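Undergrad: Next come the chains, spelled out residue by residue.
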Amino acid sequence: GNSVTQMEGPVTLSEEAFLTINCTYTATGYPSLFWYVQYPGEGLQLLLKATKADDKGSNKGFEATYRKETTSFHLEKGSVQVSDSAVYFCALRPSNRGSTLGRLYFGRGTQLTVWP
Amino acid sequence: DSGVTQTPKHLITATGQRVTLRCSPRSGDLSVYWYQQSLDQGLQFLIQYYNGEERAKGNILERFSAQQFPDLHSELNLSSLELGDSALYFCASSDAREGRNSPLHFGNGTRLTVT
Chain W
1 GNSVTQMEGP VTLSEEAFLT INCTYTATGY PSLFWYVQYP GEGLQLLLKA
51 TKADDKGSNK GFEATYRKET TSFHLEKGSV QVSDSAVYFC ALRPSNRGST
101 LGRLYFGRGT QLTVWP
Chain E
117 DSGVTQTPKH LITATGQRVT LRCSPRSGDL SVYWYQQSLD QGLQFLIQYY
167 NGEERAKGNI LERFSAQQFP DLHSELNLSS LELGDSALYF CASSDAREGR
217 NSPLHFGNGT RLTVT
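Here the protein sequences line up with chains W and E, keeping their order. If you use the numbering used here, the first sequence corresponds to residues 1 to 116, in order. If you use the numbering used here, the second sequence corresponds to residues 117 to 231, in order.
None of these hints come from the bench; they were simulated from the model. From a predicted model like this one, the values you see are computed outputs, not experimental measurements. Do not take every clue at face value.
[What the hints assert, rightly or not] With a straight-line Cα cutoff of 30 Å, these simulated DSBU-like cross-link-like pairs (lysine-lysine) come out:
hint : chain 1 : residue 1 : chain 2 : residue 2
1    : E       : 125       : W       : 60
2    : E       : 173       : W       : 68
3    : W       : 56        : W       : 77
Using the sequences and the accompanying hints, generate a full structural model.
TA: Written as structure tokens, this is what we have:
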């Protein structure tokens, strides 16, 4: 089946520290991969995406590379800010036929807190 | 602003009652998805509609139902409410023309509290 596993939180970092949030997936074929961010009291916002192997998605200093060989899509940022404090979700959309409009499968989310 | 509108923002009701959550997708998006977010279960997919037709079903209870209307807005009906139904309910929409690479655009959710 399709599933996403991401590292358990919470993650607590000091400002300007390096961030990695691990995400691995199980899916057949070549799924599309996404990272979403949820700030307190808000809905999920798309952070970045990658649609094929070796693609790198990037946005607002965050990056993630689609690694088919390790079925991973780890989120990284070189220098986090207090404003990055939020919950981060990794997600996939399967590539199987008929899933053109399919749902996303989400990981359980990782809470990130950045201290000044 | 994602362009997806959900009402109401908050809902407090008693066990056994019935409520309706409403969602207006982004202009032009034909697909609507409903998700439930709770602390212990994370984000659970409930149901998907495309252009008025049910497309996929997830972990949706029989007490719950949904529909998508000709103007593409969607409603999620929750009946015989139990304490465990307390959660955040999100609606999302996507643009079918982008195919499987299209992201979901989420509303800000309806927080349901069952007392």
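Undergrad: A separate judgement is required for each hint: does it hold in the structure or not?
TA: Here is how each hint holds up against the structure:
1. 125/E <-> 60/W: 28 Å, holds
2. 173/E <-> 68/W: Between residue 173/E and residue 68/W the Cα gap is close to 28 Å, so the pair holds against 30 Å.
3. 56/W <-> 77/W: Roughly 13 Å between the alpha carbons, so the hint for residue 56/W and residue 77/W holds.
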